[in-house]
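Number of protein chains: 2
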Amino acid sequence: MRYEKILPDIIKKNGNKILMLVLDGIGGFPDPGTGRTELETARKPHLDRLAEEGSCGTMTPVLRGITPGSGPGHIALFGYDPIDVQIGRGTLECLGIGIDLGYEDIAIRGNFADIDENGIVTDRRAGRISTEENRRIVSIISKNIREISGVKIDVQTVKEHRCAITLKGEGLNPAVSENDPQKEGLPLKPLNALDPLSEKTASVLREFEKKVMETLKGSDSRAKGLLLRGISKLPTIPTFSEKYKLNAVCIAAYPMYKGLSKIMGMEIADAGETVDDEFRTLRETYEKYDFFFLHIKKTDSYGEDGNFAAKVKMIEDIDSRLWQLRKMDFSCIAVTGDHSTPSMMKGHSWHPVPLIVKSPNSIPDKVRRFTERECSAGILGNIYSRELMYLLLACSLKLDKFGA
Amino acid sequence: MRYEKILPDIIKKNGNKILMLVLDGIGGFPDPGTGRTELETARKPHLDRLAEEGSCGTMTPVLRGITPGSGPGHIALFGYDPIDVQIGRGTLECLGIGIDLGYEDIAIRGNFADIDENGIVTDRRAGRISTEENRRIVSIISKNIREISGVKIDVQTVKEHRCAITLKGEGLNPAVSENDPQKEGLPLKPLNALDPLSEKTASVLREFEKKVMETLKGSDSRAKGLLLRGISKLPTIPTFSEKYKLNAVCIAAYPMYKGLSKIMGMEIADAGETVDDEFRTLRETYEKYDFFFLHIKKTDSYGEDGNFAAKVKMIEDIDSRLWQLRKMDFSCIAVTGDHSTPSMMKGHSWHPVPLIVKSPNSIPDKVRRFTERECSAGILGNIYSRELMYLLLACSLKLDKFGA
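Residue numbers (the working numbering), protein chains in the order written: chain P, 174 to 577; chain R, 174 to 577.
No wet-lab data here; the hints were simulated from the structure. Every value quoted in this text rests on a predicted model; they were computed, and no experiment measured them. Any given hint might turn out to be false.
The list treats identical chains as interchangeable, and a pair is accepted whether it falls inside one copy or across any two copies.
[To be verified] Listed below are the simulated DSSO-like cross-link pairs for lysine-lysine, each with C-alpha atoms no more than 30 Å apart in a straight line:
no. : residue 1 : residue 2
1   : K486      : K574
2   : K486      : K539
3   : K316      : K486
4   : K416      : K574
5   : K186      : K373
6   : K332      : K185
7   : K383      : K418
8   : K461      : K384
9   : K356      : K190
10  : K185      : K461
11  : K435      : K178
12  : K500      : K519
13  : K178      : K416
Work out the full structure: start from the sequences and follow the hints.
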């Protein structure tokens, strides 16, 4: 990113505190009945007051038209280029269930699959076995396969046919081709090293693949083997402390967001489970940090479920807690999302997300309500999510002048 | 920049004349008492009429959140990438006091410093000596040190503890590390060549550093030596004539802007001292050129001083002269700034600057007033300053179709 060419010369530390409040999947889409989005439907006086006081705009998470996953959505919010810094699917799967990945570990997403006596993959999801059945199989595998050639292997249930696999050991590198044939009726593909540094990993995985099939041979489950996908490592990128001179904390209830934040070197607060827990954690950690990433998941979850009314209710619930922010002295508060999750679409979408930047150094505009459409007329215009951090640093007076 | 890949194929010369009117530091910030910025406070019927007739928008000088110095601010206005084309601090210091730098000369910013008998820098600004004392010391140095190894050395007072140093001679290259230890209580750092081409410059500067200390040894001033910083040369970039086929003139009262314009190969008009002088110069040179860079400094100066009322008054003053533009036939007039200098912040800021592009070929929008907030709703949206030149060329019909 172009910022990186000049940032080291202009970034400075001061005591100002930044809050980035991320309402996951906050952006919505109009209900055909009312013509109003979730944000346009919710009664949310505190969010609207923040919009009135701050500068508003919208953000495109990655590129126009691109629907981001949680990984790219957050990588961008944290000021990194989501196309340059990609997080492997295996890594995300492990982070998502709270596995404490080290920078040398290999992370893999596993699908239990049905494989016939000729080695042909007959069902890539083993008939979508239950999570319970998954747990039973994982415990059998874990008992039988713990280590191969000095590399420790850990398998954890995710849900249904999915599991997360980590390899811990020396000299591991993730450039190994996947064994998933992608279509049913085809044999497993070979696990080949794609570079010389990854030979050891490939050989361990081939052995692992074989042992899993031997272990599951006689079982009554349709799971007869494992498709190994998204073989990857944590990316090594400059931390928040290195890049921004920020002492940052992640306040999130869901494991994946804690995991993502750890990549940026944030400290991970014990934030409990509920929105109330998260706000209490914010108050309790307020003195200790100068950057707070406060992540609220439920807006996305209800969007994914297609539950318009529940997403509206969740927005109102969050809103009713925002008065607490008035008791703290942030130099800059950003309220936004990592992407849109319109209930009408039951999933993430590419639509820009609304944004508030409230600071004594941001110019208030005409926007009076925190909605997709009102914010699109705000003074910040439409920016990319990866630019947001630099606006927050500017509003917190943490950036010196560039050039004389 | 991406433009450079296609510009040579589509740029053409015609008789149309472009005026770029730069009100330095024009962007402001609301006064907490009134809620209005300087531009929102000023009575400026001519500027508002231009806004009404033209296309409006806002410009981000470098990148969002980045506060530019005058160098990057203008480099961008002139259509170059301010991150790729950086002007050294020494070069800017020399340009700022009107030194006629050649492309082979080395330009350095000097700070007079107090240095004790053990070579420790005890005050990096020599107690911030007066400009008068600076002049006295510079005259002593100039008398004693004129040439080292065939390289001519010139020292000029800037103000207080600051001076500008130029080296003229053969085989000079600026890749030399600075001797400024950055902190007090530390010894001078060595002036080392950072590449083989800069060995001669480094050796001349080491000798110069030594001779300055010898010369100042017995003096009654706290200035006992020189910190040499921003060792640089003029960048060599395509001129306006080469890049845009424009015959350009700079009409500016302040030396730095004349110096910056010279880098782009503009002719430098003798523009006098006042805004009236500048407008007269515009009228007098009107027939001779097809691009006019008209720079007005005072808006920035009052912003830097934190003098809201004086900045408002200056905007009104400038406005009262704009009727003169109606007597000339520009194919395109741009009115904007190089960056914001809000009086409330007493310095440059990162906030986008308002922009008018008035031309028979620009589409008028709903904007009725030349202010930060109204222009942010203009039809041009928010663009980067480095894109402006291409809009002006387009409105002046100087760009052929790209591709068939």
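Hint-by-hint comparison with the structure:
For the homomeric pair K486 and K574, the shortest alpha-carbon distance between copies (27 Å) is at most 30 Å, but the shortest distance inside one copy (44 Å) is not. Within a single copy, K486 and K539 get their C-alpha atoms as close as 26 Å, and across copies as close as 26 Å, so both meet the 30 Å cut-off. Taking identical chains as interchangeable, the C-alpha atoms of K316 and K486 are never at most 30 Å apart, the minima being 45 Å within one chain and 80 Å between chains. For the identical chains of this complex, K416 and K574 are neighbours both inside a copy (17 Å) and across copies (28 Å), given an alpha-carbon limit of 30 Å.
In this assembly of identical chains, K186 and K373 lie within 30 Å of each other by CA distance neither inside one copy nor across copies; the values are 44 Å within and 38 Å between. With identical chains, the CA atoms of K332 and K185 are at most 30 Å apart between copies only, with a shortest distance of 27 Å across copies and 44 Å within one. For the identical chains of this complex, K383 and K418 are neighbours neither inside a copy (48 Å) nor across copies (38 Å), given an alpha-carbon limit of 30 Å. Taking the closest pair of Cα atoms, K461 and K384 never come within 30 Å of each other, the shortest separation being 48 Å inside a single copy and 51 Å across copies.
With identical chains, the CA atoms of K356 and K190 are at most 30 Å apart between copies only, with a shortest distance of 27 Å across copies and 51 Å within one. In the homo-oligomer, the alpha carbons of K185 and K461 lie at most 30 Å apart inside one protomer (18 Å), although the nearest pairing across protomers, at 47 Å, exceeds that limit. In this assembly of identical chains, the alpha carbons of K435 and K178 lie at most 30 Å apart whether taken from the same copy (24 Å) or from different copies (26 Å). For the identical chains of this complex, K500 and K519 are inter-copy neighbours only, at 29 Å across copies versus 36 Å inside a copy, given an alpha-carbon limit of 30 Å.
In this assembly of identical chains, the alpha carbons of K178 and K416 lie at most 30 Å apart whether taken from the same copy (11 Å) or from different copies (25 Å).
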